[in-house]
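Student: Work out the full structure, taking the sequences as your base and the hints as a guide.
Chains as they are written, first to last, in our numbering: chain A, 149 to 555; chain B, 2 to 256.
There are no misleading hints in this set.
Pairs of lysine to any residue, SDA-like flavour, derived with a Cα cap of 20 Å:
1) 210/B x 187/B
2) 542/A x 445/A
3) 463/A x 116/B
4) 292/A x 280/A
5) 465/A x 78/B
6) 101/B x 167/A
No lab work stands behind these hints, which were simulated from the structure alone.
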Amino acid sequence: MNFTQSFRLAIKSLVTSKMRALLTMLGIIIGVAAVIIITSLGNGMQNYMNRQFEQLGANLIQVQIFGRGGGSSRSVEPEDMYALVEKYPQYLSGVTPYVSAPAKVRHGSDEFKRTSIYGVGESFFNSKGQTMNGETLAQGRFVKYIDVERYQNVCVIGSYLNREAFGNNGLGQTLSIGGAPFTVVGVLEESGDSAEGSADDKVYLPYTSALRLSNMADASFYLFTSTSRETASAAKGIVENRLFQTFQSSDYYMVMTSAEMMDAMDSMLNTLMMILTLIAAISLLVGGIGIMNIMLVSVTERTREIGIRKSLGAKGKDIRSQFVIEAGTTSAIGGSIGIVLGIIMANVLTNVIAVVLGTGNDGFVAVPTLDGIAVAFGVSVAIGVLFGYLPANKAARLNPIDALRYD
Amino acid sequence: MEHLIELKDVYKIYQMGEETVHALDGVTLTIDQGEFVAIVGSSGSGKSTAMNIIGCLDVPTSGSYHLGGIDVSTMEDDQQAEIRNKMLGFIFQQYNLIPKLNVLENVELPLLYAGLSAGERKERALRSLERVGLRDKWRNLPSQLSGGQQQRVSIARALAGEPSVILADEPTGALDSRTGREVLSFLKKLHREGDTVVLITHDNSIAVKADRIVRLQDGRIVYDGDSSDPQAVVQPHDDESEIEDDTFGGEAVGV
Chain A
149 MNFTQSFRLA IKSLVTSKMR ALLTMLGIII GVAAVIIITS LGNGMQNYMN
199 RQFEQLGANL IQVQIFGRGG GSSRSVEPED MYALVEKYPQ YLSGVTPYVS
249 APAKVRHGSD EFKRTSIYGV GESFFNSKGQ TMNGETLAQG RFVKYIDVER
299 YQNVCVIGSY LNREAFGNNG LGQTLSIGGA PFTVVGVLEE SGDSAEGSAD
349 DKVYLPYTSA LRLSNMADAS FYLFTSTSRE TASAAKGIVE NRLFQTFQSS
399 DYYMVMTSAE MMDAMDSMLN TLMMILTLIA AISLLVGGIG IMNIMLVSVT
449 ERTREIGIRK SLGAKGKDIR SQFVIEAGTT SAIGGSIGIV LGIIMANVLT
499 NVIAVVLGTG NDGFVAVPTL DGIAVAFGVS VAIGVLFGYL PANKAARLNP
549 IDALRYD
Chain B
2 MEHLIELKDV YKIYQMGEET VHALDGVTLT IDQGEFVAIV GSSGSGKSTA
52 MNIIGCLDVP TSGSYHLGGI DVSTMEDDQQ AEIRNKMLGF IFQQYNLIPK
102 LNVLENVELP LLYAGLSAGE RKERALRSLE RVGLRDKWRN LPSQLSGGQQ
152 QRVSIARALA GEPSVILADE PTGALDSRTG REVLSFLKKL HREGDTVVLI
202 THDNSIAVKA DRIVRLQDGR IVYDGDSSDP QAVVQPHDDE SEIEDDTFGG
252 EAVGV
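Tutor: Have a look at this one:
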């Protein structure tokens with residue numbers, strides 16, 4: 149009945165006392181903005197990670213072997229893993245050892261201290277022309293079976309090394325790795341920002357050469373690919389069975405699929421977001437108390453108005469709904485401001501993070517979710533109504549005679 | 002014939018600390034449709050209490066009050082609000098307009114609580130403003146009008162709901178004598194047009210404008226009759242009244 153008038157009155161009193169309105173709404177504004185920023189960041193982070201994982205392929209299976217140690221003869225060799233792929237072609241489509249070699253990279257008098265060196269097999273480079281890490285070749289070729297088989301000293305380098313060591317002309321040149329000369333047979337496309345220590349500062353070797361460089365007998369890390377995303381968990385079971393057969397205990401190895409990792413990351417992120425949102429929600433609570441406080445003052449200030457309205461026939465519920473609507477409107481406006489502020493801040497943060505991480509425009513984007521916005525708005529209105537109820541009830545119960553006499 | 006207002010043996014007793022105060026001490030009064038009655042009395046006489054009870058803002062401690070044939074003396078707050086909305090139009094000394102609402106919105110208020118549609122509210126409120134000659138001021142805020150104009154707006158508001166009784170509580174108290182006279186002659190005009198007007202005042206010179214005077218003292222009716230009777234304006238001298246007035250001083254402020 150008098151919703152529109154109550155609504156207009158609320159807007160009017162907000163406009164006439166702007167400073168007071170702002171202070172009343174501040175708690176709600178901050179709370180809602182914080183919730184929006186946090187959910188945007190979380191959402192953006194999730195999207196970003198999912199994209200990273202997707203790039204790697206959802207059917208990637210990582211195997212880490214810790215081994216029994218102490219000279220135990222229970223061990224698996226790359227051949228055992230290759231045999232597994234041959235035995236179960238319907239589940240496993242490829243495998244490669246992934247050997248991290250701690251060696252120095254030099255070219256002439258230049259030393260590249262932060263360059264990562266990985267030994268891989270030919271399956272690391274799949275039929276789609278991509279490595280399992282999602283990189284593509286710019287020039288040359290990748291590591292081949294023959295290189296692995298014959299311990300060839302060949303390597304594929306990232307765009308950073310190509311630029312810094314060879315002036316973008318590395319193909320066919322020689323690089324010293326761990327004191328041995330390696331011929332550059334391929335150059336990768338830029339995938340990061342070509343900075344030192346970035347994803348572009350790396351070298352791929354045949355894993356046999358890498359094992360020799362690091363004086364290791366067997367690889368402790370393997371990358372399998374399952375035939376599809378759906379067969380990933382079955383494939384994981386096959387690999388685990390094989391490893392258990394050798395080690396007789398699941399303590400000595402770890403097998404994880406990309407999908408699992410993705411889920412693990414997601415749930416971790418969700419927990420983190422939940423905690424942060426809860427903290428932000430405290431601000432909403434404080435905001436609600438702020439609204440209640442101002443509404444109580446407003447009821448006292450407008451005692452006479454309440455008396456007039458009652459003398460003209462307003463019932464308790466008319467007065468109550470007027471003040472509840474007013475409180476709800478105040479917090480809804482505060483909530484809307486908070487939403488806008490939150491979205492702006494999320495955008496600013498997106499740009500800041502893009503600069504800090506150097507990921508460019510298609511990197512991390514903090515996107516506010518529609519759900520998040522709807523919930524934030526709903527909660528802010530609910531808080532207004534909830535905390536407005538007590539003062540409204542006080543107003544509704546005023547005695548009209550006393551209220552009319554109040555100055 | 003049924004009386005419009007019928008108070009029968011009405012008592013209003015307040016407990017003020019140790020003391021019991023009889024604000025109304027057995028008042029029996031009837032007012033008929035179309036009458037113009039002034040309820041007069043000095044401060045502490047019980048006239049404000051009488052106005053509160055007649056205006057359905059308060060209920061008597063004992064006795065009965067029928068308004069338009071309905072017993073309103075035992076009603077709940079919300080039922081009283083409905084009666085006030087439908088049957089009573091208030092005119093206050095302080096105009097009691099809501100400063101944030103414009104003239105039209107102020108006049109619309111009783112219609113709003115009566116549940117009328119926006120279109121009907123506006124139409125009736127404008128018609129009511131027309132009657133007091135302020136139709137062209139409907140957009141203004143009360144603060145942009147003179148005192149006399151504000152009081153006319155409050156009269157328009159009282160008329161908008163087409164009440165059975167117009168209850169004017171010291172309507173000229175805050176006005177200079179010229180605008181006060183204007184407002185009074187306006188009330189007379191309403192009376193001539195058939196409205197029932199009850200005027201509450203302490204001022205004899207205003208009370209005589211009504212047709213009938215009811216004089217209250219110490220919560221009792223001491224005179225009830227024609228305003229042209231010289232008896233009507235005689236202030237009864239009672240030696241005790243001064244002391245009583247002091248004791249009753251609290252009554253006017255209310256409990």
